[in-house]
Each structure stands twice: as structure tokens, then as C-alpha cells.
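Visitor: Residue numbers (the numbering used here), protein chains in the order written: chain A, 2 to 65; chain B, 163 to 296.
Treat the hints with care, since some could be wrong.
[Unchecked claim] Here are the computed distance ranges between Cβ atoms for each label pair:
(1) B:A181 - A:L16: 41 to 49 Å
(2) A:T5 - B:I166: 16 to 24 Å
(3) A:V49 - B:E256: 12 to 20 Å
(4) A:R29 - B:I274: 50 to 58 Å
Think of the hints as simulated: they come from the structure by calculation, not from any bench. Think of the CB as a built atom: it goes at the ideal place given N, C-alpha and C, for glycine as much as any other residue.
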Amino acid sequence: MNVTIIWQIAGIAILVIVIHAVLKSAGRDEFAWLTVLAGLSVVLYLAVRTVSDLFQTVRTLFQF
Amino acid sequence: MTSIVPVVGFALVATIVLALLRPLRPEIAVILGLVAGALILLAVIPRIAQIVALLEDMANKGGVGADYLAALLKIVGIAYLTEFGAQAARDAGEGALGSKVELAGKILILVIAIPLVLAVLDLILRLVGQGVGG
């Protein structure tokens with residue numbers, strides 16, 4: 002059971018929230034939006050790796 | 163080793179983080195929920211290998227064809243993955259998409275089950291033919 006990935010995602014989310022708030026208050030709305038997009042991409046990359054791991058396990062176990 | 167405690171602890175941690183994240187960044191919360199569900203399944207699914215081994219043993223003893231058992235295992239795998247995908251979609255508020263995933267899973271299971279149904283039908287027809295002939 003790999004809890005580190007949960008902490009990683011939570012940390013990225015907190016980082017994104019803070020940078021988004023700072024940039025938004027500085028009046029740089031477009032950069033704030035880009036920050037959200039970048040954070041989402043990184044989190045999605047982690048998620049896809051985990052889910053593909055799960056799919057591979059199921060596939061080998063049930064002999065697809 | 164065979165302990166539910168890590169699973170429950172992991173789920174509690176994930177739930178707390180999700181509850182914090184959901185109002186602030188719902189899209190990251192959805193992905194986090196997906197990852198947490200996948201990790202829980204990943205921790206448990208290798209245990210199913212023992213059950214699969216038991217099923218194979220029983221099939222060998224009972225003289226059941228290996229391809230029938232393979233179809234059965236395939237159906238179970240499709241059911242697990244379908245359930246996972248449908249729950250993930252429903253978790254993100256896309257209930258309709260989840261229902262479609264379930265429908266696709268049902269159709270694929272039916273397609274795999276066709277040879278089994280045909281075998282049962284064949285057996286029944288043979289028995290009926292024997293009854294009439296005898």
C-alpha cells in the first residue's frame with residue numbers, strides 16, 4: 002500500500018492552490034490558469050501510471 | 163500479511179485528504195480518488211491469485227475444460243474493471259457515463275459467455291435426443 006503517492010498528489014494540489022491564489026491576486030489570471038493546467042497534468046501522469054499498473058495486474062491474473 | 167488494517171488506514175488517509183481537497187480543487191480530488199481506489203484494488207487483487215489457483219485445481223479434478231475456466235476468469239476480470247471504471251465515472255458526477263461503462267461490460271461479458279451457453283444448449287439437446295431415441 003503506497004501512501005506516498007497520496008501525499009505527492011496532495012502536495013501538488015496545495016502548491017497549485019497557493020500559486021493560483023498568488024498569481025490571481027497579482028492580476029496574472031492567464032498564468033494562474035496555466036499553473037492549474039500544469040499541476041493537473043502532473044497529477045494525471047501519476048494517476049495514469051497507477052491505473053495502468055492496476056490494469057496490467059488484472060490482465061495477467063485473469064489471463065486476458 | 164492478510165490484514166485489513168493497512169487498507170482501512172490508507173482509505174482513511176485518502177478520505178481526509180480528499181475532504182480537504184474537494185472544495186478547493188475538485189478536478190484534482192477526482193484524480194486522487196481514482197488513484198486511491200486503484201491502489202486499494204492493487205493491494206488486494208494479487209490475493210485473488212490463490213482463489214484462481216483453487217478454481218483451477220477444482221476444474222482439473224472435475225474434468226472441466228480449461229477454456230471454460232479461462233472464459234469464467236475473463237468474465238470476473240471484466241466485471242472488476244467495469245465496476246472500477248463505472249465507480250470512477252460516477253464519483254466524478256458522470257452517472258450516465260458510468261451506466262454506459264456498465265452496459266459495455268455487460269455486453270462484453272455476454273459475448274464471452276456465448277460459447278458456454280452454446281455448450282449447455284448442446285448438452286441439453288443431446289440429452290433430449292437420447293431420451294427420444296431411447
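Visitor: Next step is simple, just say for each hint if it's right about the structure.
Guide: Consistency of the hints with the structure:
Distance hint check: the CB atoms of A181 (chain B) and L16 (chain A) are about 19 Å apart, inconsistent with the given range 41 to 49 Å. At about 21 Å, the CB distance of T5 (chain A) to I166 (chain B) agrees with the hint of 16 to 24 Å. Distance hint for V49 (chain A) and E256 (chain B): a CB-CB separation of about 18 Å, consistent with the stated range 12 to 20 Å. In this structure the hint that R29 (chain A) and I274 (chain B) lie 50 to 58 Å apart at CB holds, the actual value being about 54 Å.
Hint 1 from the earlier list is the only one contradicted by this structure; the remaining hints agree with it.
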